[in-house]
Amino acid sequence: MEFKLTEEQELIRKNMREFCEKYVDPIAAEIDEKARFPQEVFEKLAASDWMGIPVPIQYGGAGSSYLTHIVAVEELSRSCAASGFTLSIHVGIVEMLILLFGTEEQKQKYLTPLARGEHLGAFVLTEPGAGTDVMAAQTQVTRDGDYYVINGTKTFTSNGPIAGVYIVFGWTDKSAGRKGMSAFIVPRGTPGMKVGEHFQKMGIRASQTSEMIFEDCRVPKENLLGKEGDGLAIAMAGLDHGRVGIAAQSVGILQAALDESIKYSKQRVQFGAPISRNQAISWMIADMATDLTAARFLTYYAAWLKDEGRPFSREAAMAKLFAAEAAMKHTIKAVQIQGGYGYCKGAKVERLMRDAKITEIYEGTSEAQRMVISGALLR
Amino acid sequence: MLHIVACCKWVIDEAYIRRGAGEEVDLSAVDWKISDYDRHALEEAVRLKESQGAKVTVLTVGDEKTAKGMKDMLSRGADEGCLVADKAFGDLDSATTADLMVSAIEKHLSPYDLILFGEGSSDLYARQVGPRVAAGLKIPCLTGVRRIAVGEGYVEAERSLEGEIELVRAPLPAALTVLPEINAPRIPGVKETLAASRKPVMHLKSSDLPALKAPSIRTVKIKAAQLKRDCLFLDNTPEGVRILVEELKKKGLNF
Numbered sequence: 001m002e003f004k005l006t007e008e009q010e011l012i013r014k015n016m017r018e019f020c021e022k023y024v025d026p027i028a029a030e031i032d033e034k035a036r037f038p039q040e041v042f043e044k045l046a047a048s049d050w051m052g053i054p055v056p057i058q059y060g061g062a063g064s065s066y067l068t069h070i071v072a073v074e075e076l077s078r079s080c081a082a083s084g085f086t087l088s089i090h091v092g093i094v095e096m097l098i099l100l101f102g103t104e105e106q107k108q109k110y111l112t113p114l115a116r117g118e119h120l121g122a123f124v125l126t127e128p129g130a131g132t133d134v135m136a137a138q139t140q141v142t143r144d145g146d147y148y149v150i151n152g153t154k155t156f157t158s159n160g161p162i163a164g165v166y167i168v169f170g171w172t173d174k175s176a177g178r179k180g181m182s183a184f185i186v187p188r189g190t191p192g193m194k195v196g197e198h199f200q201k202m203g204i205r206a207s208q209t210s211e212m213i214f215e216d217c218r219v220p221k222e223n224l225l226g227k228e229g230d231g232l233a234i235a236m237a238g239l240d241h242g243r244v245g246i247a248a249q250s251v252g253i254l255q256a257a258l259d260e261s262i263k264y265s266k267q268r269v270q271f272g273a274p275i276s277r278n279q280a281i282s283w284m285i286a287d288m289a290t291d292l293t294a295a296r297f298l299t300y301y302a303a304w305l306k307d308e309g310r311p312f313s314r315e316a317a318m319a320k321l322f323a324a325e326a327a328m329k330h331t332i333k334a335v336q337i338q339g340g341y342g343y344c345k346g347a348k349v350e351r352l353m354r355d356a357k358i359t360e361i362y363e364g365t366s367e368a369q370r371m372v373i374s375g376a377l378l379r
Numbered sequence: 001m002l003h004i005v006a007c008c009k010w011v012i013d014e015a016y017i018r019r020g021a022g023e024e025v026d027l028s029a030v031d032w033k034i035s036d037y038d039r040h041a042l043e044e045a046v047r048l049k050e051s052q053g054a055k056v057t058v059l060t061v062g063d064e065k066t067a068k069g070m071k072d073m074l075s076r077g078a079d080e081g082c083l084v085a086d087k088a089f090g091d092l093d094s095a096t097t098a099d100l101m102v103s104a105i106e107k108h109l110s111p112y113d114l115i116l117f118g119e120g121s122s123d124l125y126a127r128q129v130g131p132r133v134a135a136g137l138k139i140p141c142l143t144g145v146r147r148i149a150v151g152e153g154y155v156e157a158e159r160s161l162e163g164e165i166e167l168v169r170a171p172l173p174a175a176l177t178v179l180p181e182i183n184a185p186r187i188p189g190v191k192e193t194l195a196a197s198r199k200p201v202m203h204l205k206s207s208d209l210p211a212l213k214a215p216s217i218r219t220v221k222i223k224a225a226q227l228k229r230d231c232l233f234l235d236n237t238p239e240g241v242r243i244l245v246e247e248l249k250k251k252g253l254n255f
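If you read the sequences in order, they're chains S and V. So for the first sequence, my numbering puts the first residue at 1; every next one is plus one. So for the second sequence, my numbering puts the first residue at 1; every next one is plus one.
Don't read these hints as lab results, they were simulated from the structure. Wrong hints could be hidden among the right ones.
Here are the computed lysine-lysine pairs in the DSBU-like style, where the Cα-Cα straight-line distance is at most 35 Å [stated by the list, open to error]:
1. S:K4 - V:K221
2. S:K345 - V:K213
3. S:K22 - V:K213
4. V:K213 - S:K107
5. S:K44 - V:K191
6. S:K14 - V:K199
7. V:K107 - V:K228
From chain V, some residues computed to sit far from chain S (all C-beta separations above 10 Å) [as the list claims (entries may be wrong)]:
8. A21
9. K49
10. D123
11. C141
12. G151
13. P180
14. T193
15. R218
16. K250
Here the structure is a predicted model, which is why all the values come from computation and not from measurement. Backbone N, C-alpha and C fix where the C-beta goes; we use that ideal spot for every residue, glycine too.
With the rest of the complex left out, here is chain S (with noise of 0.2 Å):
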């Protein structure tokens, strides 16, 4: 058994952590408050291939793993959240799907363009009544010919406002239940597709989140993905990978607390010493390092089992559960810490607060990967 990432993967660590001190972390607040997404940030993590680490070079990607992928996640959400979740809504979903059901066609005509960051991806399947509730979907697809027409409205698309290319499900025959759902490619431009109202959130604001809107959006046969019925195994199949890549995220932000906690507790005097000395604080220091590392191996271990080719989806639903509830509960802390300080704008624990809650949410709540993991124990 080892416990470490190959020399590699270290290096590639260390050269996000200084893409981000030279590039994200002059601008992550500024992008916070103004709701911007980091378009330039963006083109230079694609000039720098980090835009498809675990997708095969012949499809335009690095050749690398998915831990490798994880661990970038990881150390550019401990920057900017909001720019680490959209690099793993657009490699672990969106191209981890093609790569996985796409034909030959779609895999040179969509995911190579996407794996050299060209352009994002999103993943459109959540709707105003069919959040975690899946089957309660609206969106009708039917067949017409060489095309199918899709008919619905999708809300709380992440990416939506800026993809070039959206994985969408709907239903190809609701009569059929869990075999009645199907996937479908749709680039940017394709009539009928439109992007609604766009959300202002409390965290990952620089995350873009809109509605989007099908109306008798017309798309070739050959941009079905996978089979016609295959939609909702190919979602679960999303957010299994997914999930690790939030677990990843919540892990980056648990990371910053941390960094800004020991920062700010050795520097802050009260009572004439520095409030590290005092054990109510250091105590929090020391369980947010523990529920850290925790969760930090949680996550790894799950990316490694996709690597391995093993089953992950319990694994990715405990990591992803544990790293956000983490996350939530330790950037409040964190804020704790720096009290008035840490309260007011301009202060990072602020923000990573405000970060954190998203995480117990998308991709599954927390409630739903209690479902997932309890699911696989007790079936």
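Got chain S; can you put chain V on it based on the hints?
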């Protein structure tokens, strides 16, 4: 085609150095990195390769830990590596390091056209190895370089001096030590990092090289510097100045 040898030192990342008990320096949890100044030397070699074609060999001397450093160096655009690593090479003085480099270059990396160094290492900053290697190889040495242009059989360099810029020309082969202002080193991409393990590396051990001379300098002890801060508020008056002078004298400052 030009053959450029870029020399890099694998050093302790100072961000990880902790103060131990008393005057001790705690190096138990340190990480390592390419000496900051040497990154500029390697970057310049790679830029010359990209602009006019060259083979870049990165050369490093150190103990076994340096093998990981070699991967980092190769991910920054060098074509090949020459790793002079042995557990006997952990704590060398500048003269010994230079001797090892001269042997490695003469025997294994010739012919060569340019040898690039950072102005000094980011751990000790003795600024010795570059000039000593040049002397050992009996080639010209240009220090404090902020711009390089290579012509047919010569190198032209701008040297940044105290109050002026000196433009100098030297025949090839030549050794140059470069300043950080010469360029902004790139951050390697993922593919470059992954490709580093597949590049050829020549590994030279103690037994492959002439015996080491006795070191001219021996490190006796490293003590942690102590930074004491004090705060005194004084009025902006002649009386305030008088108190300031008195306080500074009390702290041992002599005027």
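*Interface-negative label, V:K49 against chain S, beta-carbon threshold 10 Å*: 19 Å, holds
Legend entry - Assertion that V:K250 lies outside the chain S interface [Cβ separation over 10 Å]: Nearest chain S Cβ is 23 Å from V:K250, so the label holds.
Status of V:R218, Cβ more than 10 Å from any chain S Cβ | Non-interface label stands for V:R218: nearest chain S Cβ at 32 Å, farther than 10 Å.
- Message: For V:K213 and S:K107, compute the direct alpha-carbon distance and say whether it is at most 35 Å.
- Response: Roughly 61 Å between the alpha carbons, so the hint for V:K213 and S:K107 is violated.
Notebook entry, point to check: Regarding the assertion that V:A21 does not contact chain S, is the least Cβ-Cβ distance greater than 10 Å?
Noted result: V:A21 is indeed farther than 10 Å from all Cβ atoms of chain S, at 17 Å.
- Message: With the threshold set at 35 Å, check whether the alpha-carbon distance from S:K22 to V:K213 stays at or below it.
- Response: Answer violated: S:K22 to V:K213 is near 43 Å, above 35 Å.
- For the pair supplied as a hint, V:K107 and V:K228, confirm whether the alpha-carbon distance does not exceed 35 Å. Given that 35 Å is the threshold and the Cα spacing comes to 51 Å, the pair is violated.
Check your understanding: Within 35 Å, alpha carbon to alpha carbon, are S:K345 and V:K213?
Key -> The hint is violated at about 60 Å.
Quiz prompt | Separation of V:C141 from chain S, once the least beta-carbon distance is taken, above 10 Å | solution = Holds, since 31 Å exceeds 10 Å.
With d taken as the least Cβ-Cβ distance between V:D123 and chain S, does d exceed 10 Å?
18 Å, holds
Is S:K4 within 35 Å of V:K221, Cα to Cα? Status holds; Cα separation ~33 Å.
### Restraint status (C-alpha distance of S:K44 to V:K191 at most 35 Å)
With a Cα-Cα distance of about 14 Å, the restraint between S:K44 and V:K191 holds, given a limit of 35 Å.
When held up to the earlier numbered hints, the structure conflicts with 2, 3, 4, 7 and 14 and fits the remainder.
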